[in-house]
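Engineer: As given, the protein sequences belong to chains A and B, one line each in that order.
Each number in the working numbering comes from the position in the first sequence (counting from 1) with 7 added on.
By the working numbering, the letter at position 171 of the second sequence is numbered 154, and the numbering carries on one by one without gaps.
Just so you know, the hints here were simulated from the structure itself, not pulled from any lab data.
Even glycine gets a Cβ: it sits at the ideal position worked out from N, Cα and C.
Do not rely on the hints blindly, as some may be mistaken.
[As the list claims (entries may be wrong)] To be clear about the criterion: a stretch of chain A counts as covered by chain B if any three or more of its residues have a C-beta under 8 Å from a C-beta of chain B, and this derived list gives those stretches:
1. 84 to 92
2. 225 to 232
[As the list claims (entries may be wrong)] Just so you have them, the derived chain A footprint on chain B, three or more residues with Cβ under 8 Å:
3. 91 to 97
4. 100 to 107
5. 168 to 182
6. 210 to 223
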Amino acid sequence: MKMTARFLARLSCPKKDGRMHWWVWALLGILLAVMPWIVAAGFGNTWLRILNFALLYVMLALGLNIVVGFAGLLDMGYIAFYAVGAYLWALLASPQFGLHWPMWAILPLGAGVAGLFGLLLGAPTLKLRGDYLAIVTLGFGEIIRIFLNNLNAPVNITNGPQGISAIDALHFGSVSLARPMDLGIVTIPSLVAFYYVFLMAATAIIGIALRLERSRVGRAWAAIREDEIAAKACGINTRNVKLLAFAMGATFGGVAGGLFAGFQQFVSPESFGLLESVMVLCMVVLGGMGHIPGVIFGALLLTLLPEFFRQVAGPVQQALFGKIYIDPESLRMLLFGLSLVLVMRYRPSGLWPSPQRQREIDDTQRVDAPAAMPVRHQ
Amino acid sequence: MTAHTLLRVSQVGKAFGGVQALKDVSMTLNRGEIYGLIGPNGAGKTTLFNCLTGLYVPDSGEFVFDDQPLISSAPDKTVRQGVARTFQNIRLFANMTALENVMVGRHARLRSNIISDILRTPFNRREEQTTEDQALQLMRYVGIAHRAHDLAKHLSYGDQRRLEIARALATQPKLLCLDEPAAGMNANETDGLRQLIEMIRLDGISVLLIEHDVQLVMGLCDRIAVLDYGELICEDIPSVVQKHPRVIEAYLGSGAHA
């Protein structure tokens, strides 16, 4: 496990100047481009759907990573922004109100509105940290979900627990992604088309996150995470910079939410429960808080792993014992929980932490390592 | 307020519950001065620092800096106005590199915002490059450039003190406030620190220094203020302060003078 991590760390910055070789990028691009075809042919559409969801979770995890990983603010209600984006799409592009806005209008609007909700959450929690912040954000997430659940009376807006159905699929002009696209030589199945759109959105979000990490505001976030008082003494307006983290993280969630609604064509409050927030948080922590490649890895792994367990739990039992003892559905959560415990026990800073954090862990394992912050001698 | 006054503290008071940490403290600090602030433990030195740099809101009184009143409770604005500080118990960004620490110090002087950060405009690229160059230059100035890419927490104690000073200097201050910079240092390191502070003054930055090392304070400061139980008991040149009866009393007790 350690060797794998070392290999991944080396792959993430193999050259001296920290840049990847061009052929690594080219290979990755080709791999990602042919991926949906291979998956569809080899594993079927179920797995292609799962892959699409994995991409949505990559976007969510990267958004939450800005708040939790960069700025160090523990947010347990992140899924609320996903809900805001999804419901905005659902309300503006469905028979619910008879509106059918175009995608290029709703997605940016969804990002903006989610950003506003981010400010709404950030403003009252500015003075809170750690567990207190976690409790308030958890409450915020639940409030949003309960609102969506109950906004069907006196005026019906969200359709309540039934959710909104018959939502417009993602579409470019009159070309809907819900139908196979005939390009003459080749017909692109709907799921593959969604994959490409999601891949583009995820790539854009990865690019934004990478740039933010190494920028004035990214440094300010890290400074607040490390020591808020020292950050103030460095001239950082901690209030604004924290609000910016909440808003920025929320916009990623808003975009992912819009794409989700346009993919599922159905939204209901139960998709946005506390467990979802916890799941996204797990992706960030398990992958490697604050380290973008790690977070992406965490998101992919935590989406694919439970599905993998679900697929194999039944057949394996059948083969071993001749009958199914434990329901695959519960067994998958059992195995999933166990793997979380193991990872946190043996790799506390995540599966793929930043090389810097990796160095720290190596250092603390060496006896002659310099001490952490020294205690002042009076 | 005369032209050569940089900071005027007028009748600043601050209480924590029933404890009066500062009582009507007034003093003036001139441009280009190294000004010492001494007093027994708990005399209110750090409280005065915190009020000055906006971390605490004083109950009464005001600070006039460079002919402008300092806005209390807004540390970031105070930094913009030209007051920088270090902390008694070093507060670095432990898990960032030394260089990044100093780059954070440039924050208030940079103009790029989140939009230009995302778009990576040419302006943004240039600014990032100059920021890095300036930060490196400052690290060379305080003598720790060779540790630029190490995590702050892996630096030696003396280097951490220097890094904190470099980070404070990165904010382009007119006044640098050092809270016990020599605490925990050996004689060698203290001597290096003395040279650094003198160099900073020569570069036109005034220094306000809280320090327990009497030798360092007496040798380095142009003037010294003495606090005891939150009250200013004396403000003068070192040779006078040393002989002041109330100072001796504060440090050694009332019987000592006789």
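Engineer: Count the residues of the segment 225 to 232 of chain A whose CB lies closer than 8 Å to any CB of chain B, then report whether that count reaches three.
Structural biologist: Answer holds; 5 residues pass the 8 Å Cβ test.
Engineer: Are 3 or more residues of the segment 100 to 107 of chain B near chain A, judged by a Cβ distance of less than 8 Å?
Structural biologist: holds (count 4)
Engineer: Does the segment 91 to 97 of chain B contain three or more residues whose Cβ lies closer than 8 Å to a Cβ of chain A?
Structural biologist: Per the Cβ count (6), the hint holds.
Engineer: How does the coverage statement for the segment 84 to 92 of chain A fare against chain B, requiring three or more residues with Cβ below 8 Å from a Cβ of that chain?
Structural biologist: Not satisfied, violated; 0 residues make the cut.
Engineer: Count the residues of the segment 168 to 182 of chain B whose CB lies closer than 8 Å to any CB of chain A, then report whether that count reaches three.
Structural biologist: Not satisfied, violated; 0 residues make the cut.
Engineer: Within the segment 210 to 223 of chain B, is the number of residues with a Cβ closer than 8 Å to a Cβ of chain A three or more?
Structural biologist: violated (count 0)
In summary, the structure is inconsistent with hints 1, 5 and 6 from the numbered list given earlier, while agreeing with the others.
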